[in-house]
Amino acid sequence: MIAMQVAEIIAEYAVFLELTGDEELNPDTAVKMMEALAGHLQEMDKRFLRELVNAFPIIAEEYSGEAQEVVRNISYGYYLEESLAVDDPVKLAALEALRDARG
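Those letters in the sequence shown? Residues 1 to 103, by our numbering.
Honestly, the hints are just simulated from the structure, not real lab data. Do not rely on the hints blindly, as some may be mistaken.
[Said to hold, decoys possible] As a list, the in silico DMTMM-like pairs of lysine to aspartate or glutamate whose alpha-carbon atoms are at most 25 Å apart:
(1) Lys32 - Asp88
(2) Lys46 - Asp28
(3) Lys46 - Glu82
(4) Lys32 - Asp22
(5) Lys46 - Glu81
(6) Lys46 - Glu96
(7) Lys32 - Glu81
(8) Lys91 - Glu81
This structure is a prediction, so every number in the text was calculated from the model and none was measured.
Turn these sequences into a full structure, and let the hints steer you where they fit.
Printed below as a string of structure tokens:
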């Protein structure tokens, strides 16, 4: 339950940073905030981070259009699966191959 609530907060933050126009949000500030968010997410307890990663596709259904894509791609965009697989070189290699294939 708490993971879903935290995922919703993170999703709102990510959608804001990704979709707010340059006239409303300085792009450099947005990038700094995205980097800070990525750092905080990657430092989380791995069990809780797994719950968050699993929650993003579920809560993405609450959004539409570009916002839905942003939420669906939080794990990808912030390298969360890689963070979870840090001690598994085989999984990391598979994730890197998927990332390369995705372009």
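Hint by hint, here is what the structure shows:
The suggested pairing of Lys32 with Asp88 is violated, with an alpha-carbon distance near 29 Å, which exceeds 25 Å. Annotation: proposed proximity of Lys46 to Asp28 is violated, straight-line Cα distance about 29 Å (limit 25 Å). For the given pair, Lys46 sits about 11 Å from Glu82 by alpha-carbon distance, which is consistent with the 25 Å threshold. About 14 Å separates the Cα atoms of Lys32 and Asp22, which keeps this hinted pair within 25 Å; it holds.
Among the hinted pairs, Lys46 with Glu81 is consistent with the structure: their alpha-carbon atoms are about 10 Å apart, no more than 25 Å. Our distance criterion of 25 Å between C-alpha atoms is met by Lys46 and Glu96, whose separation comes to about 19 Å. Distance restraint check for Lys32 and Glu81: the Cα-Cα separation of roughly 21 Å lies within the 25 Å cut-off, and the hinted pair is therefore satisfied. Only pairs whose Cα atoms come within 25 Å are accepted, and Lys91 paired with Glu81 is accepted, the gap being roughly 9 Å.
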